[in-house]
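Chains as they are written, first to last, in this note's numbering: chain G, 1001 to 1269; chain F, 2 to 252; chain L, 2 to 313.
If you're looking for bench data, these hints aren't it; they were derived computationally from the structure. Misleading hints may appear alongside valid ones.
Unchecked claim - Lysine-lysine pairs mimicking PhoX-like chemistry, simulated, CA-CA at most 25 Å apart:
(1) K228/L <-> K214/L
(2) K214/L <-> K1009/G
(3) K1181/G <-> K123/F
Bear in mind that the values here come from a model prediction, so they are computed numbers and not experimental data.
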Amino acid sequence: MSKSKINKKLGFRLGFLIALFFLFFIGPFFLPHEPFETNISQAFLPPSSQHIFGTDNLGRCIFCRIIAGGKISVFTSLAVMTLSSVIGSILGIIAGYYGGIWDKIISDIITVFQAFPSFVLAIAIAGILGQSIKNAIIALCAVYWITYAKLSRSLVQQIRSDNYIKAAWLCGAPPTSIFFKYILPSIIGSLFITVVLDIGSVILSMAGLSFLGLGAVRPTAEWGAVISESRNFMQQAPWIIGFNGLALFLVVIGFNLFGEAMDEKINCK
Amino acid sequence: MEKTILSVKNLSKTFNQRNHSVDAVNDISFDLYKGQCLALVGESGCGKSTIASIIAGFTAPSGGCVMYHNTQLSFQNKSAQQQRSTMQMIFQNPLSSLAPRMSVLENMKEAVIYHEKWSNEKIESEAIRHLVRMGLSEKYLNRYPHQLSGGECQRIAIAKALMRQPDLLICDEITSNLDVCVQAEIIRYLIELKQSGISILFITHDLSLTGQLCDYIAVMKNGKIIESNRTEEILNHPKKEYTQTLIKAAF
Amino acid sequence: MLKQISKKVIHAAFLLLGITLVSFTLSYLSPGDPAQIQLSQSGMRVNPETLARMQTELGLDRPMLVQYLSWLKGILTGNMGFSYKSKKSVALLLSSALPNTLLLTIFSLLLMIIISTPIGVICAYKKEGIFDHIIRVLTYLFSSLPSFFISLVMLYIFALQLHWVPVLPSGLSGIILPALTMSLCLSAWYIRQIRSMILKEMEKKYVIGLTAKGFSDHTILFQHVLKNCMAPLITLFSMSFGSMLGGSAIIESIFVWNGVGKLAVDSISARDYPVIQGYVVWMAILFLLINFSVEILCQIIDPRIRREGLAK
């Protein structure tokens, strides 16, 4: 595939993500209706020109709630990704670079955490710590850090025996210089791609936790939580679940497609 | 009396793998004098690179010690780096010897900045001077390693190693991956360096390179030095059968 | 062979120790005070005296290590504490719910294999064809939707609209919808994996050799390529157990299937920590056992892996 085609693809998909960002972070200031205001007389209205996505059981505009809730779904997932990738990578780099006892300890911790089915661990942690977004973030970080620790450990092990790192040590470079000038630039590309490709899965997991009542607290309009609340009215107002699901779908696909385009671009260099 | 730059005494290194251990280096001793070149010769796997690794401080020995400038070298701690500040090493694979994401100039800068406070102009002019001596030019300063050939990378690695005039240069099979013309040039250049006072530990499996460059040869087999003497003696009057085999293979 | 197995068993034992430590620490870090919860659950008044008495009764005044060791001892003898809510033994609750989850998981696994294997093979065989493209789009779709959404859609279509299955399961027939949903969710990923695995295998040199010898594509595919893919395929399928055990929480909740997943979700809402703790440990042990058996199975099936293992 030609370079310009790849760039165009990447550009489009990045544009889509940027549009989503604007929608969820700036959009709430321009909503036609108040997302948290209840109006029982307007409950269960199907999609119309007044309310493009209809209303829910308390008469709230679904479209507005989706836009308002988007901030949480996206922001919390980014928080999880940032924390888990940074913590995981640092541990993995320490294990990979210093080897010896550090590697043994960190690898053993990784193995124990891996023994748990990931979602089981997440709901257990979130369940025990209590319902809140902060705890959901902690729970998901506890699951996702493993990927980054393993990845960065193996990447560092690959380059540790590269001659230029040995030469740098012999030239007198302190550990911080070796880390920032040599190791980090070599591994950050792969780490970044993995992060982008994983965001979709984090968004879904976060929605899953909220669905089970473990993440966002009412009356937040987090999409998973809304879907869970609307279970009882599935017969009367299936569009509530439908549109919230659609929102999740679009955001996840947006990130996945962007990640794949980024992957292609980097591999073609 | 020639001054001893490097003295290796009873060095040994054992690698422990799963069910058995390997004695990579077994009771090795030799001395290297100032302005001289000692060759460590032997086939792959005989332990020469391990010795280089130990002297350069990348691995700790299982036994014995290394004296450099009359100081006993330590391993895997802060002072290990300090003690080796006048030592440099050049590796076998030229393509992995330079940091891939740094330009040639940035790579060469790395050899200087942790010890000296030179100005950018001085670093650049020194870099150009060494590149020119290696047969390259200042056009190379802004290039990146992946744009260069193996021979060019190796010459840049040597130029980089010389930036601060090291006392000891360890060459670990530096010409194995290069074509014959480049090989000859580099050997010629190393001879010049020796004459300016730099001591060289030359590791190779090819005896034919040692004739002009090296003053002493130590022949290694399975982790032990089986014969060591002045170059003329080894090449003309080899005592061990293994040495004779090596000579026959090379010449 | 025996030596390898015993090595693995020791390794597994250490892992189990780590698992129990993590589960215990989790509970220990929980913000709720078990003594307080017990008291309020049984309707007793909460004041400093009753609190202190309950704490001693539950052994909460002992140092953490002692508490952990006594809990560990309890596990080894089958006693995992008692549910705050129902006062029943945790081990009892889990053991009565586990068979249902296992049933659901195994049935889903079978369905998934039946669905994804032929489709994956056909996609690889007729690469870039119409079928391949359609399936690629569908799998992409399904893997970008959360499992709870797909479950609700299935419930809506099949139970509420078409009335093919009852909304609340009675007996075994209730397994159809959740199993179908679970297998659909995972098939999306599997079809892509199987396709790429077969394609990779087909690029290997021996396939060219066989084609040159005159074997038909058909024979090559079924008698050679698929056989070589057997072991990695089995490993792949075993990996899905992890996702299934985890995903069972959501699916069992939605379809009201009384497995450990639903038990866990209900316990979480009720802050029934002993049950949650037991759930985590049991699931991890189950997961470990499955991975262990799969490794052994692979060694038996694929002689290459057996040889590799012996050489170590």
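Any hints this thing doesn't respect? Which numbers, in order?
-> Those not satisfied come down to hint 2.
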